[in-house]
Each structure stands twice: as structure tokens, then as C-alpha cells.
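Novice: Could you build all of it, start to finish, from the sequences and the hints given here?
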Amino acid sequence: MEEEDPTPTYSSTKRKPVFRRDRHLQSALHNGEITYMFENWQNTSGLKKEHILLKRDTKGVCYLPSDQFIHWALLHVSKKPEDMRLARELSKHIKVANDATNLGCTDFCGVSVPSLPSSGPELLRQVYVMKVTLGRITEKITFSEQHVKSYNFFGCKAKCYGNLHVIWPSDQFAYIITHRHFLAVRDCINAWFSALAYSYACCRKSAGYNLYTEVANVIYSVLHDISMYKDKAYDILKCWQPLVIATILKDIEGDPHFYNSLKDIIIQYPHSLLLKIATRKISNTIDVHLAFELTGLTKCFGHPEVVMGASIATWVEKGTVLKPGLGVIAEEIRRAFVLEFSRNFYKQKRKWPNLKLGPNADPLVKQCCEGGYWGEDPGEPWSTAMFSDIQFDETMEFDYQIYTADLLADKSIIPSLEHWPYEYDGQAHRTNHGFFPTVPPRESNNVIMQYIGREEVNVKNIIQTVSEKKIPKSWKVTVGVAKEREMKKTKARFFGKLTLEMRLFQVATENNIKNVFKFIPHQTMTKSEDDLFKHLLRISESSSQDEGGHVFMAMDFSSWCTSFRFEGVTPLFEELDRLLGVTDVMAYTQIFPLESTLLFQDRFHPPKQGPDGYPLNGPRCVHGPEAWMEGLRQKGWTLATLLLILVASWKCGTIATLTGQGDNQWFQETLLDLCTQAGITLKLEETWVSSSLLECGREFFFKGAQVSSSLKRISRISSEANQTIPSFNSDIAGIYSTGMSSAQKDHTPIPSFWATVLEASIAAHERFPELSRYPPEYISCLLSVPRTLGGWPITLFANFATRSIQDPLTTALHLVRTFLSSPRHRQHMVRIASTRMKTTDPTMLIKDPQSLPLVLPRQPENYLKSKIAEGLPSIIKNKELTPLFSPQMEENKQRLIGDLMTIRPCNPKLMSKLMTLSNVGKQEALVNKFSSTRSIQNVACRE
Numbered sequence: 001m002e003e004e005d006p007t008p009t010y011s012s013t014k015r016k017p018v019f020r021r022d023r024h025l026q027s028a029l030h031n032g033e034i035t036y037m038f039e040n041w042q043n044t045s046g047l048k049k050e051h052i053l054l055k056r057d058t059k060g061v062c063y064l065p066s067d068q069f070i071h072w073a074l075l076h077v078s079k080k081p082e083d084m085r086l087a088r089e090l091s092k093h094i095k096v097a098n099d100a101t102n103l104g105c106t107d108f109c110g111v112s113v114p115s116l117p118s119s120g121p122e123l124l125r126q127v128y129v130m131k132v133t134l135g136r137i138t139e140k141i142t143f144s145e146q147h148v149k150s151y152n153f154f155g156c157k158a159k160c161y162g163n164l165h166v167i168w169p170s171d172q173f174a175y176i177i178t179h180r181h182f183l184a185v186r187d188c189i190n191a192w193f194s195a196l197a198y199s200y201a202c203c204r205k206s207a208g209y210n211l212y213t214e215v216a217n218v219i220y221s222v223l224h225d226i227s228m229y230k231d232k233a234y235d236i237l238k239c240w241q242p243l244v245i246a247t248i249l250k251d252i253e254g255d256p257h258f259y260n261s262l263k264d265i266i267i268q269y270p271h272s273l274l275l276k277i278a279t280r281k282i283s284n285t286i287d288v289h290l291a292f293e294l295t296g297l298t299k300c301f302g303h304p305e306v307v308m309g310a311s312i313a314t315w316v317e318k319g320t321v322l323k324p325g326l327g328v329i330a331e332e333i334r335r336a337f338v339l340e341f342s343r344n345f346y347k348q349k350r351k352w353p354n355l356k357l358g359p360n361a362d363p364l365v366k367q368c369c370e371g372g373y374w375g376e377d378p379g380e381p382w383s384t385a386m387f388s389d390i391q392f393d394e395t396m397e398f399d400y401q402i403y404t405a406d407l408l409a410d411k412s413i414i415p416s417l418e419h420w421p422y423e424y425d426g427q428a429h430r431t432n433h434g435f436f437p438t439v440p441p442r443e444s445n446n447v448i449m450q451y452i453g454r455e456e457v458n459v460k461n462i463i464q465t466v467s468e469k470k471i472p473k474s475w476k477v478t479v480g481v482a483k484e485r486e487m488k489k490t491k492a493r494f495f496g497k498l499t500l501e502m503r504l505f506q507v508a509t510e511n512n513i514k515n516v517f518k519f520i521p522h523q524t525m526t527k528s529e530d531d532l533f534k535h536l537l538r539i540s541e542s543s544s545q546d547e548g549g550h551v552f553m554a555m556d557f558s559s560w561c562t563s564f565r566f567e568g569v570t571p572l573f574e575e576l577d578r579l580l581g582v583t584d585v586m587a588y589t590q591i592f593p594l595e596s597t598l599l600f601q602d603r604f605h606p607p608k609q610g611p612d613g614y615p616l617n618g619p620r621c622v623h624g625p626e627a628w629m630e631g632l633r634q635k636g637w638t639l640a641t642l643l644l645i646l647v648a649s650w651k652c653g654t655i656a657t658l659t660g661q662g663d664n665q666w667f668q669e670t671l672l673d674l675c676t677q678a679g680i681t682l683k684l685e686e687t688w689v690s691s692s693l694l695e696c697g698r699e700f701f702f703k704g705a706q707v708s709s710s711l712k713r714i715s716r717i718s719s720e721a722n723q724t725i726p727s728f729n730s731d732i733a734g735i736y737s738t739g740m741s742s743a744q745k746d747h748t749p750i751p752s753f754w755a756t757v758l759e760a761s762i763a764a765h766e767r768f769p770e771l772s773r774y775p776p777e778y779i780s781c782l783l784s785v786p787r788t789l790g791g792w793p794i795t796l797f798a799n800f801a802t803r804s805i806q807d808p809l810t811t812a813l814h815l816v817r818t819f820l821s822s823p824r825h826r827q828h829m830v831r832i833a834s835t836r837m838k839t840t841d842p843t844m845l846i847k848d849p850q851s852l853p854l855v856l857p858r859q860p861e862n863y864l865k866s867k868i869a870e871g872l873p874s875i876i877k878n879k880e881l882t883p884l885f886s887p888q889m890e891e892n893k894q895r896l897i898g899d900l901m902t903i904r905p906c907n908p909k910l911m912s913k914l915m916t917l918s919n920v921g922k923q924e925a926l927v928n929k930f931s932s933t934r935s936i937q938n939v940a941c942r943e
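Taking the UniProt record's numbering, I'd label the letters of the sequence shown as residues 1 to 943.
Worth double-checking, as some hints may not be accurate.
[Stated by the list, open to error] Distance condition first, Cα-Cα at most 27 Å in a straight line; then the derived DSS-like pairs of lysine-lysine:
1. Lys488 with Lys318
2. Lys922 with Lys867
3. Lys838 with Lys865
4. Lys922 with Lys879
5. Lys80 with Lys157
6. Lys318 with Lys347
7. Lys79 with Lys157
8. Lys491 with Lys635
9. Lys483 with Lys608
10. Lys157 with Lys140
11. Lys518 with Lys356
12. Lys159 with Lys79
13. Lys865 with Lys16
14. Lys922 with Lys514
15. Lys929 with Lys483
16. Lys299 with Lys483
17. Lys635 with Lys651
18. Lys879 with Lys893
19. Lys651 with Lys745
20. Lys351 with Lys518
21. Lys469 with Lys635
22. Lys230 with Lys157
23. Lys140 with Lys238
24. Lys460 with Lys909
25. Lys238 with Lys263
26. Lys473 with Lys635
27. Lys893 with Lys877
28. Lys703 with Lys238
29. Lys929 with Lys909
30. Lys469 with Lys323
31. Lys893 with Lys867
32. Lys893 with Lys838
33. Lys232 with Lys16
34. Lys838 with Lys877
35. Lys16 with Lys49
36. Lys865 with Lys847
37. Lys909 with Lys838
38. Lys865 with Lys893
39. Lys473 with Lys318
40. Lys238 with Lys483
FYI, nobody ran anything at the bench for these hints, they're computed from the structure. Because the structure is a prediction, the values reported are computed rather than measured.
Specialist: Structure (C-alpha cells):
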């Protein structure tokens, strides 16, 4: 008799399961389930229901590899003839975008915008048909209670079996893919359409070029390369931007060094059309801007399927190797930190930090410290050797405050080491190892659920536990999750997730390092987005105007996050502990991986459970690795790397912040030597130096001007977020939000707004097919009435043109007046903007002083939020949150509203601020934050 699975998937609820919830790719592509299925093809007991059904329906078929599906699909759909009926729909959407953009711009600044031809170019029409077709398939098969679902994939028979799809190019051949593979193809087509639409709206953006033609040529070129080189096309795409940089340095600055280092890729793929675009001659500033903007399309053509076995082996090879001989450079980093922090602390505070001066402390430093002055001669700067016998004493106070936003930035955790079997499939464990794993009661792996489900979340107690070295084994686990949208097939990047306790430890220590960074001015991690932008513009402009000295150096480190070791950074972290007045807290950073179990998430290939219930060492489990995962200790590693760069600059007699000065070759060799001593691999062959080009955070500045990245941002406009409440309102709000981010990176908001309205019109017609009966003028009015006036959550042209609108209500009313003055739109606007108002609504006045008390049907997301607010008290155990969800909260809310309305003179903005700061406001803010989480929705709204 077969052993039964002790944790059946759906036994805990009577509701039908929902299959294929994702509409947008948010996970790495890999074929773990497909591989498992074929490994057990003849072992029926090892197969799941969907595997058995799939096997039955595909008898006699030759199976094609899943890693070739995206290439085939993109080529297949691009060859389909144009559907004239669907293409005519695009003409209407273009008219809607023309009207909304023209009247929006006229309303904002009195300037009309010429209308674009509504027929649209051929490729735009063709891609529109692909986009709509894939959208309708997605709508049909996702959020479905049907385990098996059939559909037509552009003339090919296709069928879903749970999370797997089968697509038959012919009766003899079939692709077996995961739902993620299908979503990856849909994302590609959506990105093509958005990029083509944007470039169609600003085809004359770059003088002498037609941007639409350039974008179309890129699409045709990549399709050619895919047909010729298959998976290798991703190597070409990965080198696109570096080759553009190399060509600029060669043609504009006369420096072929970086270009020569990349010649191998050109020789390897001599027939690549994309490489010809990447390396074409660049003669002027316009060529530079166009070349960079086109590279924003790099991730619009899919991604390679990750080979988990090879990727994990690559990480293990780098993350478990010992690196002896780090003591000398570790002490150099520590001394550099004491020197640099003391120097900047004195500049800001006009006093020294608290120091412990050893018997061999440098006499000059000791004299200056005891005398309370800074005696460093600018012409003869102090060396790190002068601080060899000097340590910090408590100068700053450790901050135990955790901001909820920082904690909840990660959506997923692992409850404890004992819960590791839930990261894998129980049936796969039985099949591979002969028995089902023993598991504790299931707990949510959602960080919000863990946060609200515990009576107390005390950061100070956790830090004290770490300091006293009493960390329980259940905390010592990390799960590596492959990152999505990466171009490396066998070298996937893995991001780590921790237990809630170690997540709190990580957030608390990172926040404290952030406070220390205030006295390390050479980094930009603590700058606001606006300050960083101004800083980059300033240094980019100053370099372009100076004749000597200033250059920009872009460096790349190989596997930076996995390079740091206990011996190399612990002296620095011990110094941070002394500075913050704690013991063995920061210093525990590199001890944690040595004591923990590292699991790699590959659901159908679980490690074997040992007699004690813990996973045994194996291909997916590593005990005591030397390194952390990515995304877990960024600020500490950044501090160590920054100090290495500073030491290199001091040795070379230069100044280094975001830029380097002086003899760059000497600087590079010096830094390479220091990094090698520290065990960090600096890829010197990928390091480039320029006097006019600056790169920071994937943004480029050329001779003091920022290069537009709007094309890159607009290509993501149709990618819905999987965690939002599934409603049309959230979809349309997401479209406008992405459109605004594109406009912020452009020279004019018009093309981004035009493309946004076009996408919104398409989304509205797909959600409400009855809109096809209405003329374009009606739809343009519909997409010009914001939520403030009872419409959808759209964003007006004025918001695209400026960073913020002080009075959105007046702005919206002014736009309505502009539409009413247009004879073609008047009758439609009168019909749309005619929502009745209530007499009074104090709650709305206080919550949003610039709104109107309109009589509207209840919005679906607001209904869900109210249900969540009702259901949350039953699952909240956190003592800090319990008072906010007490039964008296509604009564307190009404009393607060009554008290606020008695304030004279009546100041709605003041009342709104008081409401926000009250417990009532905090409760509503938490409900808004929690409502986008599926775990909360499922539990709080359970019938």
C-alpha cells in the first residue's frame, strides 16, 4: 500500500483551488518540474495529477526542449499574418490617444499637439494583434478553477495542465513548458508594443533619425539573431550596452582599449545584426543618446532558462571556498575606517569621536585627539598606519527602531529551519528519497503574516540574543532564490531569504550602518533620489568643462556579494560594534553563514531529510558556506569596498568618490592589488574610463546631460504586478504609474503620456468590450476624468508634466472645462462628468480635502479592504497592532471625526494630517499595506 502524503495541498479549505494565478513574470525560468516529470515518466506513483493527464494526452509525440520555446514562440507569432479586424481596433485607440494628449497639453500650456496618423505603421499593427491575442489567452487561463484548460496559440493547439502547458507546433511535436515560459513570451510582446508605440509618438526625437524605424530594426535584428544563434542570442544581448560604451570611447574619445577587450564577442557572432547596430560609428552627441536609449530594449526579448544544477554548482564553487591570508588587508580596512570616520566626524561635529588610544598610538594623533583639534596638514595627509593602535569607543547609540516599510520590503521568509520541507514538494521527496519528510505544522512564509501573527516582535531582544551568542538553530537558515530576468543560463544570481528574526537583525544592522554613512561622504546610498540626480549632473557637467584631471571610472566586480569572508571584514564590523556601543552584533555578520544551512529553492529536487529532521548536505543543501547570499548585507560590504577604493586613491595620491583622478592605469592596478588581497575579484577587463561619460545606477550622463531612459521604462508599462488586488482599477493605475516614471526620464512628457493613454484605452476595451460601441471622443473623455471626479484612477497630463500638482481637484475641473469647449467632445463629457454629489461627507473631507462627496458605487478594492479590516482582528496577535484593530475602533473613528469637525476655523488639511497621525489613520495605513498580500486576503476574507 502506498504511503499517503501527510500534507495534501487542498485539504485545509473547501474552496476550489485557483490555478495559474500569475499574469506577469516575477520568477526565474527553469524546468525543474519538467525534468522531474520525465525522470519519473515510467514511475506513475511519482507523478502528480497534471503529469499523468499530460502523459495520457501526448502519447506518440516527440517532446521539444523547453529552453527553446521562447525563441520558437517569438519567431512563430512574428510570422503570423495581420488580422485586419483587430488592426482596425488599433486605429480607434490611436485616435483616443491623439485626443487625450492634444486636449491635455492644450489645457496645461495652451499648445496643441499634432495628431498622429491613426492607421499606424505595419509592425505596430502586427504586434498589437499579438498583444491582444496573448492578453485574451492570459485572461482565459489565469485565475482559473479549471485544472485543465485548452487554448489556441496562434494556430497551434495548446493546453494547460495545472502549472504546465503543452503547445503542439504540429501533430508530431510538442513543447512542454511552465506557465512562466508562457508569461515570458507575453511580456516580450507587450514590451515590443509599448516601445513601438512610444517611438511612433516621438519618431523625430533624435535629429537625423526616425526612432520608430530604429526600434523596429532592433526587433527585426534580434529575431534574426535568435533564428540563427538560438540561446546564444542572450550573450549578444548581454554585451549590447558594453559594446555601445566601448564604441563611444573608441569613436568619441579615441580610446580603443575597452573596445578591444570585447572583440571576442564580435568575432564569435560575425552574422549578428544586433552587433552591427551596437558597433556602428558614433560621431556626435545625438548618436550617443540614441545608442544608449536603444539599449533600454535589452530585456524585451525574453531570458534564458536557468540551469539550476549548473548555477548552484557555480555559486557553491565561489561561495564555499576558503580565502587565506586576509588578515593584513582586513586590518588596513579597519584603520582606514577609523581615519576616515574620525576625519569627517570632526568636520561635522568639530570634535573627535570617542577613541581608545593604545600605548603605541601615533604621538601626533594622540596629541590632536587629547587637544581637541584636527592637526592634519592638507599637503601631507595622515596615513592609515598612524591609526594602527587606535580603536573606537562608543560614540553613536545603536538604534533599535525598525521601520515597518523596511521590514516588509521582502515579501517572503522561511518561518524556521524546521520548516525547510515546505520549500520543496513532499511527493518529490518521497519519490527521490523513499519517504515523505516529517514536517511541523505549516506556518505562513509571508513576512507580514509572521509579523502580525506573533505576540511580540522585539528587535532589542533579538539583537541581545545575537550579542550573547545564544542564537537558536532554528534561526540559522538561508534560502537561495534564483533571480528573474537574468541573462546568464548557467550562472543564475541567487537572492537570500531568512527567518523573521534574522530578517529583523539584518534590517536593524543595515539601518545603523546607514547612520554611520552620514560620516562617510564618498557614497551615495544615503542620498535622496533628487540629491543624487543633482550630484551626478554637477560632476558630469564639471568634468565635461574641465580640460584636465577629471575622469569617470566604471568598475565591475565578479560575484561581489559572495566574495567577502569572515577574516576579511570582521575587524571592520568589530569596529562598528565599538562605535555603536554593542558587542558581537555587527561582528556576527560573517559568522552567520558559517553556522547556518543554505538551501537552494528548486521545488522538485529537495535534499534528503536526515534522522534529526534537518536536510542533509547535497546538491541543493550546503552546510556552513563561507558567504552570504545577495541582497542581505549590502551596506556593510559597500563600506568595506569603499574603504578599499579610498586606500587605493590615497596610495596613488588621488581623490576618489564616484570618480577617480590622476594616473588611472596606476589607480586600477593599485586597486586590483588591494582587492586581490581582500579576496574580491575586480574584473579589470570590464573596467572602463571616460572623460565625458558617467554611469551610475544604470543611468548615463554624457557631457553634463542625462541620457533619456524612457524607452526602457515604457517597455514595462503592461507588466501587471502579481501581488495587487486583481481589479481593473489596479491595472489602470499601474499603467499610468509606469507611464509617469517614463515621462520623468524624458525630455518632454508628450510621447510617454500618448503611449500611456494608448495602453489604457486598450486595457479598458479588453476589460469592457461594450466600449467598442462608443466613439473615440467618448473614450478620450472617459480617460480624462480622474478618480477625484468619479472616474478611474488615471493620471492627468499636468501630473506627467510636473513633479506634483498642488490642487488635483481644480486641475481636473479645468481639464473638464477644456473638453467642454471642444464641440466634438462636449456631449460626451457632459454625459461622463455628471456624477451626483451628496450633501456632506465629513469623512471624505478629512481623508482627502481636495475631493468631492460623489455618489459612486463601491470600488472592489475598497470592499476587499473593508473585509480585510473586519477579518484582521481574528488573526492579529501582535501586541503593538492589537489596539489598532479593537472592536471600539469604529466608534473611536466616528468620535475623532466629530471632534475634528468642531475645529474652528475649519482647516481640512490640518484635520487630514491629524487623522493620518491618529490610531485610526495608522489602522487604515496598515490595511492599505496588508491588502495587497494574497495571504492576508485569503485568511482575513475566509468565509
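Novice: Compare the structure with each hint and give your call.
Specialist: Taking the hints in turn, this is what the structure says about them:
In summary, the hint linking lysine 488 to lysine 318 is supported, as the alpha carbons are separated by about 16 Å, within the 27 Å threshold. A C-alpha spacing of about 17 Å is found between lysine 922 and lysine 867, which places the hinted pair at or below 27 Å, so the restraint holds. Only pairs whose Cα atoms come within 27 Å are accepted, and lysine 838 paired with lysine 865 is accepted, the gap being roughly 23 Å. The suggested pairing of lysine 922 with lysine 879 holds, with an alpha-carbon distance near 15 Å, which does not exceed 27 Å.
A threshold of 27 Å between alpha carbons decides the hint, and for lysine 80 with lysine 157 the separation of about 15 Å falls inside it, so the pair holds. A hinted pair counts as satisfied when its Cα atoms are at most 27 Å apart, and lysine 318 with lysine 347 does not qualify at roughly 41 Å. The straight-line distance between the Cα atoms of lysine 79 and lysine 157 is roughly 17 Å, inside the 27 Å bound, and the hint therefore holds. For the proposed pair lysine 491 and lysine 635, the alpha carbon gap of about 24 Å is at most 27 Å, so the pair holds.
For the given pair, lysine 483 sits about 24 Å from lysine 608 by alpha-carbon distance, which is consistent with the 27 Å threshold. Restraint check: the Cα-Cα separation between lysine 157 and lysine 140 comes to about 15 Å, which is no more than 27 Å; the hinted pair holds. Restraint check for lysine 518 and lysine 356: satisfied, since their Cα atoms lie roughly 22 Å apart, inside the 27 Å limit. For a cut-off of 27 Å, the pair hint linking lysine 159 to lysine 79 stands: about 22 Å separates their Cα positions.
Annotation: proposed proximity of lysine 865 to lysine 16 holds, straight-line Cα distance about 22 Å (limit 27 Å). Proximity of lysine 922 to lysine 514 is assessed by CA-CA distance (about 26 Å); at most 27 Å being required, the pair is judged to hold. For a cut-off of 27 Å, the pair hint linking lysine 929 to lysine 483 stands: about 24 Å separates their Cα positions. Of the pairs offered as hints, the one joining lysine 299 and lysine 483 holds, with about 14 Å between alpha carbons and a cut-off of 27 Å not exceeded.
Note on lysine 635 and lysine 651: the hinted pairing holds, with a Cα-Cα distance of about 24 Å set against a maximum of 27 Å. Between lysine 879 and lysine 893 the alpha-carbon distance is near 20 Å, which keeps this suggested pair within the 27 Å criterion. Taking the CA atoms of lysine 651 and lysine 745, the gap is near 39 Å; set against the 27 Å cutoff, the hint is violated. With a C-alpha separation of about 15 Å, the suggested pairing of lysine 351 with lysine 518 holds against the 27 Å cut-off.
Taking the CA atoms of lysine 469 and lysine 635, the gap is near 23 Å; set against the 27 Å cutoff, the hint holds. Restraint check for lysine 230 and lysine 157: satisfied, since their Cα atoms lie roughly 23 Å apart, inside the 27 Å limit. Restraint check for lysine 140 and lysine 238: not satisfied, since their Cα atoms lie roughly 34 Å apart, outside the 27 Å limit. Between lysine 460 and lysine 909 the alpha-carbon distance is near 37 Å, which puts this suggested pair outside the 27 Å criterion.
As the CA atoms of lysine 238 and lysine 263 are separated by approximately 14 Å, the hinted pair is consistent with the 27 Å bound. A hinted pair counts as satisfied when its Cα atoms are at most 27 Å apart, and lysine 473 with lysine 635 qualifies at roughly 26 Å. Restraint check: the Cα-Cα separation between lysine 893 and lysine 877 comes to about 22 Å, which is no more than 27 Å; the hinted pair holds. Between lysine 703 and lysine 238 the alpha-carbon distance is near 25 Å, which keeps this suggested pair within the 27 Å criterion.
Restraint check for lysine 929 and lysine 909: the C-alpha separation of about 23 Å stays at or below 27 Å, so the hint holds. Straight-line distance between C-alpha atoms of lysine 469 and lysine 323 comes to about 25 Å, which keeps the hinted pair within the 27 Å bound. A hinted pair counts as satisfied when its Cα atoms are at most 27 Å apart, and lysine 893 with lysine 867 qualifies at roughly 17 Å. Simply put, lysine 893 and lysine 838 have alpha-carbon atoms about 21 Å apart, close enough for the 27 Å limit, and the pair holds.
Pair hint lysine 232 plus lysine 16 does not hold up; C-alpha atoms about 43 Å apart against a cutoff of 27 Å. This hinted pair does not check out: lysine 838 and lysine 877 have alpha carbons roughly 39 Å apart, beyond 27 Å. A C-alpha spacing of about 16 Å is found between lysine 16 and lysine 49, which places the hinted pair at or below 27 Å, so the restraint holds. Taking the CA atoms of lysine 865 and lysine 847, the gap is near 16 Å; set against the 27 Å cutoff, the hint holds.
Restraint check for lysine 909 and lysine 838: satisfied, since their Cα atoms lie roughly 21 Å apart, inside the 27 Å limit. Using a Cα cut-off of 27 Å, the hinted pair lysine 865 and lysine 893 holds, with the two alpha carbons roughly 16 Å apart. With a C-alpha separation of about 25 Å, the suggested pair lysine 473 and lysine 318 falls inside the 27 Å cut-off, and the hint holds. Simply put, lysine 238 and lysine 483 have alpha-carbon atoms about 16 Å apart, close enough for the 27 Å limit, and the pair holds.
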